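Here's the letter readout for the chains.
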Amino acid sequence: MTATAEAPALIGSSGDSLREAFGKALAALAGEFPKLVVLDADIAGGTGVHHFRAAHPDRFLQFGIAEQNMMAAAGGLAAVGLLPVVTTFAVFCLRAVEQARLSLAYTRRNAKIVASHPGLDVGPDGGSAQALEDIAAFRAIPGMTVLSPADPLEMAQATRAMLEFDGPVYMRTGRSPAKRLFDEDHKFEIGKGQIVRKGKDVTLVACGVEVARALEAAEHLAEEKIDARVVNMATIKPIDAGLLARCARETGAIVTAEDHNIFGGLGGAVAEALAASNPVPIEFVGVKDTFGASGEPEELAEHFGISAPFIAEAARRAIARKGKGK
Amino acid sequence: MGLAKPITAKDADEEDKATLEGLVADVTAAARFTRQHAIAAIYHAGSGHPGGAMSSADILAALFGAELNLWPDIVNDAHRDRFVLSKGHGAPALYAVAAHYGFCSPRAALALRKLGSPYQGHPHVLDLPWVETSTGSLGQGFSVALGMAMGLKLQKSQARVYTLLGDGELQEGEVWEAAMCAAHHNLDNLCAIIDYNKLQSDNRNDAIMRLEPLAAKWRAFDWAVAEVDGHDISELLRTFRRAAATAGRPSVIIAHTVKGKGVPYMENIPAWHGSVKLTREQAEEALAALGAQRDEIREFLDDRNG
Numbered sequence: 000m001t002a003t004a005e006a007p008a009l010i011g012s013s014g015d016s017l018r019e020a021f022g023k024a025l026a027a028l029a030g031e032f033p034k035l036v037v038l039d040a041d042i043a044g045g046t047g048v049h050h051f052r053a054a055h056p057d058r059f060l061q062f063g064i065a066e067q068n069m070m071a072a073a074g075g076l077a078a079v080g081l082l083p084v085v086t087t088f089a090v091f092c093l094r095a096v097e098q099a100r101l102s103l104a105y106t107r108r109n110a111k112i113v114a115s116h117p118g119l120d121v122g123p124d125g126g127s128a129q130a131l132e133d134i135a136a137f138r139a140i141p142g143m144t145v146l147s148p149a150d151p152l153e154m155a156q157a158t159r160a161m162l163e164f165d166g167p168v169y170m171r172t173g174r175s176p177a178k179r180l181f182d183e184d185h186k187f188e189i190g191k192g193q194i195v196r197k198g199k200d201v202t203l204v205a206c207g208v209e210v211a212r213a214l215e216a217a218e219h220l221a222e223e224k225i226d227a228r229v230v231n232m233a234t235i236k237p238i239d240a241g242l243l244a245r246c247a248r249e250t251g252a253i254v255t256a257e258d259h260n261i262f263g264g265l266g267g268a269v270a271e272a273l274a275a276s277n278p279v280p281i282e283f284v285g286v287k288d289t290f291g292a293s294g295e296p297e298e299l300a301e302h303f304g305i306s307a308p309f310i311a312e313a314a315r316r317a318i319a320r321k322g323k324g325k
Numbered sequence: 000m001g002l003a004k005p006i007t008a009k010d011a012d013e014e015d016k017a018t019l020e021g022l023v024a025d026v027t028a029a030a031r032f033t034r035q036h037a038i039a040a041i042y043h044a045g046s047g048h049p050g051g052a053m054s055s056a057d058i059l060a061a062l063f064g065a066e067l068n069l070w071p072d073i074v075n076d077a078h079r080d081r082f083v084l085s086k087g088h089g090a091p092a093l094y095a096v097a098a099h100y101g102f103c104s105p106r107a108a109l110a111l112r113k114l115g116s117p118y119q120g121h122p123h124v125l126d127l128p129w130v131e132t133s134t135g136s137l138g139q140g141f142s143v144a145l146g147m148a149m150g151l152k153l154q155k156s157q158a159r160v161y162t163l164l165g166d167g168e169l170q171e172g173e174v175w176e177a178a179m180c181a182a183h184h185n186l187d188n189l190c191a192i193i194d195y196n197k198l199q200s201d202n203r204n205d206a207i208m209r210l211e212p213l214a215a216k217w218r219a220f221d222w223a224v225a226e227v228d229g230h231d232i233s234e235l236l237r238t239f240r241r242a243a244a245t246a247g248r249p250s251v252i253i254a255h256t257v258k259g260k261g262v263p264y265m266e267n268i269p270a271w272h273g274s275v276k277l278t279r280e281q282a283e284e285a286l287a288a289l290g291a292q293r294d295e296i297r298e299f300l301d302d303r304n305g
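These protein sequence lines map, in sequence, to chains A and B. Be aware that the first sequence starts at 0, since it is given in numbering that gives the first Met the number 0, and climbs by one per residue. Be aware that the second sequence starts at 0, since it is given in numbering that gives the first Met the number 0, and climbs by one per residue.
Just so you know, these hints were derived from the structure itself, not from any lab. For clarity, every value in this text was computed on a predicted model and none was experimentally measured. A few of these clues could be false.
As the list claims (entries may be wrong) - Straight-line alpha carbon distances no greater than 30 Å define the calculated DSSO-like cross-link-like pairs of lysine-lysine that follow:
| # | chain 1 | residue 1 | chain 2 | residue 2 |
| --- | --- | --- | --- | --- |
| 1 | B | LYS197 | B | LYS152 |
| 2 | A | LYS199 | A | LYS321 |
| 3 | A | LYS178 | A | LYS191 |
| 4 | B | LYS152 | A | LYS23 |
| 5 | A | LYS224 | A | LYS287 |
| 6 | A | LYS236 | A | LYS178 |
| 7 | B | LYS155 | A | LYS34 |
| 8 | A | LYS186 | A | LYS34 |
| 9 | A | LYS178 | A | LYS199 |
| 10 | A | LYS23 | B | LYS155 |
| 11 | A | LYS197 | A | LYS224 |
| 12 | A | LYS34 | B | LYS152 |
Using the sequences and the accompanying hints, generate a full structural model.
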């Protein structure tokens with residue numbers, strides 16, 4: 000074999016990651032949504048929207064490395080009847096939170112923000128690139144729907160649901176290869192959590208990459224005769240308060256798990272919902288109000304305490320607190 | 000009511016002289032009303048930014064009166080021209096000019112900054128059907144206008160997008176992101192106007208953060224640049240027409256204005272930029288200077304609830 004002049008493959012741009020699942024789904028949905036346009040800030044290979052660019056170059060809008068302008072311009076595109084999907088890394092969405100607030104949410108535009116590379120799942124790029132605050136920031140914006148699907152199939156379904164939904168949406172994808180968790184009869188619906196494993200002793204409520212880890216934790220707990228329920232909470236806002244209340248009543252203890260700061264994300268949303276209806280012991284698994292670091296995602300999950308053993312340990316703590324009023 | 004703009008983009012300098020003179024008279028009257036109404040609204044509100052409202056009144060009146068293909072009965076027409084007040088704190092002048100041209104009731108628009116009133120301190124798209132987007136965070140309106148221009152082009156619309164920026168607003172980095180982007184995408188349906196009154200909230204631009212050489216900056220970003228006297232209505236009208244006829248590039252009109260224009264005690268005094276409270280005497284003096292008659296002053300200033 001002689002050397003070829005082919006461009007090197009982008010690391011991580013192949014495989015069954017959530018971002019690739021999103022990008023493929025978006026390209027496939029273009030025909031069904033003729034007003035759909037995709038906004039990119041020179042990062043299409045990373046966000047998955049290179050699939051859309053290849054299939055529909057005329058509906059792919061390049062904004063260069065300038066996320067504030069891109070985010071607000073989406074409001075203008077929506078204002079003239081198009082269906083804009085803003086795509087970049089989660090950490091750069093943080094850079095344009097105020098543009099999303101005023102020009103998308105306050106104006107109630109039908110515009111979507113899809114953020115790849117959230118959390119420790121980013122891996123080797125390190126702490127500066129690992130957005131651990133995005134769910135908190137976007138969840139605090141009135142009228143903003145916040146999604147974090149867990150596997151490639153659910154990501155494809157959520158992409159469709161997001162386009163069918165009328166209003167601003169922030170959705171997290173993911174960088175690293177994602178485990179396939181659900182089979183073909185899985186049905187994603189905005190605003191609905193799902194019990195993906197039955198159990199009666201404790202409920203593990205997770206989103207994104209933490210759903211796979213919560214399921215793994217439930218396996219460990221089963222060996223100790225602890226029967227853990229697992230809820231996939233792919234919609235963080237509006238949170239499925241009804242399901243949470245039921246789980247609190249039926250299992251008496253809750254653990255939340257997210258690849259995000261323990262403050263302001265899924266854990267906050269769950270605690271807010273349950274404080275009002277069914278106050279039961281809640282333990283929070285997430286990054287403990289610190290920044291990330293370089294490393295492989297699984298190493299980082301271990302190092303920062305969001306891997307399956309940490310979820311299992313939180314479940315034991317939550318169960319131990321049952322009925323003790325603390 | 001605004002007048003139809005010429006259908007062909009002929010050279011504005013050759014435009015029929017009588018038509019232009021008629022437009023200038025109409026727009027001059029609109030600008031006078033805009034200033035008077037804005038002063039009255041700020042007086043009733045007990046706060047608001049009078050300086051920038053005075054400096055931008057002629058620009059707004061020229062746009063609404065003669066340039067925009069936008070009338071009260073077509074505010075939902077997909078092919079209408081769009082106007083975005085990127086300097087959202089100029090809201091009192093926008094409400095006033097809109098009231099003059101029949102988009103809203105002049106009396107209702109005096110309920111500026113009141114709870115329950117759609118005339119918020121900064122314009123909000125969900126409150127008023129003829130406001131195109133919500134502004135008040137500097138730089139964003141410009142980006143939204145860019146998005147509109149891009150979207151209209153994608154949909155093969157002939158509609159144009161106009162946006163008014165403050166000079167201090169140009170210190171926002173987002174403005175230059177948008178400037179680069181609009182030129183890259185050859186958005187010749189986008190026209191930005193800068194209300195260049197040289198003053199901002201705390202002081203002169205050049206004391207806070209120098210903008211000059213301003214025209215050279217825009218030229219370097221590959222925009223078609225025009226500099227005009229922002230209070231010379233016939234010059235403004237001709238420049239708008241020339242901008243509309245510019246192909247392949249977005250246009251920026253640097254309008255040199257006087258902050259507080261028309262109210263002698265405000266002119267060029269930075270203190271009148273910010274949100275201020277006008278006394279009855281100050282409001283009366285301003286309205287008189289702006290050519291309001293005694294009964295008009297009473298009509299403007301008497302208690303709205305009384």
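Taking the hints in turn, this is what the structure says about them:
Distance restraint check for LYS197 of chain B and LYS152 of chain B: the Cα-Cα separation of roughly 34 Å exceeds the 30 Å cut-off, and the hinted pair is therefore not satisfied. At roughly 13 Å between alpha-carbon atoms, LYS199 of chain A and LYS321 of chain A fall within 30 Å of each other, so this suggested pair holds. Straight-line distance between C-alpha atoms of LYS178 of chain A and LYS191 of chain A comes to about 21 Å, which keeps the hinted pair within the 30 Å bound. Annotation: proposed proximity of LYS152 of chain B to LYS23 of chain A holds, straight-line Cα distance about 27 Å (limit 30 Å).
Under the criterion of a C-alpha separation no larger than 30 Å, the hint pairing LYS224 of chain A with LYS287 of chain A is consistent with the structure, at around 29 Å. Restraint check for LYS236 of chain A and LYS178 of chain A: the C-alpha separation of about 24 Å stays at or below 30 Å, so the hint holds. At roughly 13 Å between alpha-carbon atoms, LYS155 of chain B and LYS34 of chain A fall within 30 Å of each other, so this suggested pair holds. Distance check on the hinted pair: LYS186 of chain A and LYS34 of chain A sit about 25 Å apart at the alpha-carbon level, within 30 Å; holds.
Straight-line distance between C-alpha atoms of LYS178 of chain A and LYS199 of chain A comes to about 25 Å, which keeps the hinted pair within the 30 Å bound. At roughly 28 Å between alpha-carbon atoms, LYS23 of chain A and LYS155 of chain B fall within 30 Å of each other, so this suggested pair holds. This hinted pair checks out: LYS197 of chain A and LYS224 of chain A have alpha carbons roughly 14 Å apart, not beyond 30 Å. Between the alpha carbons of LYS34 of chain A and LYS152 of chain B the distance comes to roughly 13 Å, so the proposed pair stays at or under 30 Å and holds.
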